[in-house]
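All chains should be built: construct the whole structure from the sequences, respecting the hints.
Protein chains in written order, with the working numbering: chain A, 249 to 447; chain B, 13 to 463; chain C, -7 to 326.
Honestly, the hints are just simulated from the structure, not real lab data. Bear in mind the structure is a predicted one, so any value in this text is a computation, not a measurement. Misleading hints may appear alongside valid ones.
Stated by the list, open to error - Taking lysine to aspartate or glutamate and the EDC-like style, the derived pairs with C-alpha atoms no more than 20 Å apart in a straight line are: (1) C:K171 x B:E460; (2) B:K432 x A:E273; (3) C:K254 x B:E460; (4) B:K432 x A:D268; (5) C:K195 x C:E262; (6) C:K217 x B:E460; (7) C:K9 x B:D68; (8) C:K195 x B:E460; (9) C:K192 x B:D389; (10) C:K192 x B:E460; (11) C:K9 x B:D389.
What the hints assert, rightly or not - Which bits of chain B does chain C cover? Going by a derived footprint, with three or more residues having C-beta under 8 Å, they are: (12) 73 to 79; (13) 194 to 201; (14) 273 to 281; (15) 420 to 433.
The C-beta atom is built at its ideal place from N, Cα and C for all residues, glycine as well.
Chain residues, written in single-letter form:
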Amino acid sequence: MDETPAYSESAFNDDGTGPDGLPAEHRMLPRTRISNAIDRFIMRIGNAASWIWVVLIAGIFTNVTMRYVFGRATVWLEELQLYFYAIGFIIGLSYAITWNRHVRVDALADRWSARTRAWIELLGMVFLLLPFAIAITTEAVPYLMTSIQLNEASSSPGGLPYTWILKSFIVWGFVLIILAALSRLLRCTALLFDRPRPL
Amino acid sequence: MFEYEIIVICLLLTFMGLIFTGFPLAWVLGGVSFMYLTVSLVLLNVFNIDTYFLDDWNDFAIIVDRIWAQMQNWVLVALPMFIFMGLMLDRSGVADKLMANFTKLFRGLRGGLALTVIVIGVLLAASTGIVGASVVLLSMLALPPMMEARYSKTLAAGVVASSGTLGILIPPSIMLVIMADQLSLPVGDLFMGAVFPGLILGVLYVSYVVIAAMVRPDMAPAPERAEEVTWWDVLGVVWSIVPPLLLILAVLGSIFAGIATPTEASGIGALGATVLAAANRRLNLEVLRRVCRETMLTTSFIFGIFLGATAFALVMRSLGGDEFIGGLLEGLPFPPWGVVAFILFIAFVAGFFLDWLEISLIILPLVAPVVEGLGFDLVWFTVLFATTLQTSFLTPPVGFSLFYLKGVAPPGITIGHIYKGVVPFVLLQITGIILVFEFEDLVLWLPEQMY
Amino acid sequence: ADRVRWQMAMSFPSTLKALADTAPWVAEQIHTMSGGTMTLQVFEPGTLVKGTEVFDAVSQGKIDSGYVWAGYEFGKLPVSPLFGGQPFGLTPWQMSAFMLEKGGQEMMEEIYAPHNIMPIFCGVVSAEAAGWFSFPLEGLDEVDGLRIRFAGMGGQVLQKMGAEVTVLPASELFEALEKGVIDATEFSMPTVDEQLGFYKVVKYYHLPGWHQQSTSQYLYVNLDKWNGLDETQQGILRTACTAGVAKSMARAEGLQGAVLNKFTDELGVEAVTLPDEILRELKITTDEVMAEYSEKDADFARVWEAMTAFQDENRQWAEKGYLPAGWMSRVDGE
Ligand code: NA
Ligand code: NA
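Quick look at the structure:
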């Protein structure tokens, strides 16, 4: 029996977290001290960032009201909505890793043992996700630097200045993705090799 | 065959193999792309093999520009907004009441819940073109009551996935907007042209559900206590239908009254759902917090797939994948209608592995001049092509609707149920495509009337 | 380099008549002239990068070259739209003279070199129209509060005159116009406007295109790649582009008249000439906007000064050497 002890259904909090306040799952990977620290960090950022959808709704409503009721168009407000949306999804990518919400085709995987699945997760992190995310982060830095150097601004009349602020979120988003992936990686090694020590 | 074309085939095969490991699809797409970049560079630099445009690390760096393009894509703002609307409706109690009342009303009617899903699917399709949002919304509203009514899981999954996919075809449709831009055709003509094909698919779905429920009662069982439907039940339905109807009215109405663009209307819908929740005394800070968080997670897993797909397409394209597929289409020994049929067939098959955007980017500019040269109407062809690509959302293994559904479905519904469930609907899609192919006027009549 | 195989990313889809179909033609000429040793492979917008991002990608060497309208890099290089087309600026043949004979090409190379780009003047097409309106613009007071989609410097001018300018994406334009979210939109020249079907939703087509009397496009080549070419190859690119200028100008002028006639004669479109009162105010405001930019950006000042100097020098000749606009209708008593 190599199945990891998992939280039972009753131990789920009503919002999907376990007793430790971290996302709970059935047939879960073990937790470790480092991965918990990372996961808490990502949860904090993701939770805070999730309010951006309310802000986006407010932005859209204001823009529509301004134009329809008062006949005023504001390009910067139109652009600001893109900022909210873009920041929301790019920060959310790591959040969804921590919540294990990225879609899997697990028709076969469901039948495999926890160790097999942990091996796949480990190899996937090392050979698929991490190289991809690191490559993008590395390429996003010069991309961002160019924007800062040229003091890039919106090319629309009355648009927002400092485009680099939004561009920097590609870097932040992917650094968080790398962190979230490392956390899962450690949880796989904890299951497979007892390193780092499972809690 | 060129050396790089062999690499393209290996790329596709590797990808196919790896998705079945159960590793997240988004990162399989992204990771395989990067892996093949590395492989190609080694082949080029060590073995001097021609890798076409994939000959420098820098070629992969375009991915950052493509992510930026996604961040600047105004139309996609509607995605989180409609997801928010769906989640808020779910929390507001409006959706429960609606489904409960419909269940009551349809308790005599086999397959009634499935029919409701199709109708709501068509209404949603007319207010948005964002498939991810529609599928998620329908899953949340309809799957729990369907499970409770002991519908077969395959039928439930199939009907939700396909009804949610209608939005990409029925206007407003981002797919048609992009095709119009690619081919420099009027968007309005394409929009009007797609109305009947979209509705016909809806009707085909309805017929299938009705027939299936009659032939295989176990797929859509009648409720156990088959009481008479009373006038109170009808009244209950009418009453419970008012709030969501108001919401759809707010979304569609703000578009048609010229108050808001379709994208902005999604924000109005999200606000409207929040107001409804407040009116039902269901809104508090905790609910808002949960809805925001869930919006974040759902939006992000969908964008994860977008991101991986854009990397995959880039690498495939740089390896000459476009020319490879284009080459298949050249010099066909077919009569004109055979050429069109073959193009659609290629698009259909490509739809098993690629998403609609990449297929249109690859094939459309290539074939449009050919089809026009054969004397076909380009608006007709484009709508036909769009209908074919709509099917790609449903065809396994890479069917985005299937993944969206999987992402939010209750644990009892597996990807296996979903794959099986869409099979009859894919057959219905093919029927729809054949109808549009045979009867040109299904597409061309409405645009002529409108303008 | 013995063999050249480059990506050539487009800023507009090559299905757009006259505006963008010169690019594949230029690529073909390059292929032929080089005896098949040079291939510039056309990549439609979005296949590699969006049209607006070509500058960035070529500059950073992510793609080898692009055939683009100069101006999308406005946010990074404020002078760029002057090379793409200027409000109250140069006509296609004046622009050709400026670029090829009056030092424009050299000036541009100098300005783009720090961005690691070699720009080659490679196409120029006819004036744009002033836009599609749901009502005819009759007086200056109607500009105030006008809800119009208008990108670029022209948009800034209108904004200054009190119009409510938005930059709705092209994907939402058609519906926004149809449903009345906005009153008007600027787009392109008649051939392109016909393809996009704006005449189906609004019927007042305003002329002349004060904001862009010509539209110029360039072959952007990554500077490192350019320096890696031998003289023959560089010569082939320059020659093909100069041929591209002639070809695009001819093609664009050849097509516009028939389309405008079709609008007015068959499709029920009214061609509205902007009243002098509005044009005058537009010109005054344009001068203000151009002065503001000149103050902020030295390159902008230099190029705009050179352009206006040439325009002034050419003015007497242009007004007296050619028959004045509209004389034929006048003589015919129409
Ligand atoms: Na739609
Ligand atoms: Na598919």
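Tested hints:
no.: 1; hint: C:K171 x B:E460; result: holds, 19 Å
no.: 2; hint: B:K432 x A:E273; result: violated, 26 Å
no.: 3; hint: C:K254 x B:E460; result: holds, 18 Å
no.: 4; hint: B:K432 x A:D268; result: violated, 38 Å
no.: 5; hint: C:K195 x C:E262; result: holds, 6 Å
no.: 6; hint: C:K217 x B:E460; result: violated, 51 Å
no.: 7; hint: C:K9 x B:D68; result: violated, 34 Å
no.: 8; hint: C:K195 x B:E460; result: holds, 17 Å
no.: 9; hint: C:K192 x B:D389; result: holds, 18 Å
no.: 10; hint: C:K192 x B:E460; result: holds, 11 Å
no.: 11; hint: C:K9 x B:D389; result: holds, 18 Å
no.: 12; hint: 73 to 79; result: holds (count 4)
no.: 13; hint: 194 to 201; result: holds (count 8)
no.: 14; hint: 273 to 281; result: holds (count 3)
no.: 15; hint: 420 to 433; result: violated (count 0)
Checked against the numbered hints above, the structure breaks hints 2, 4, 6, 7, 15 and satisfies the rest.
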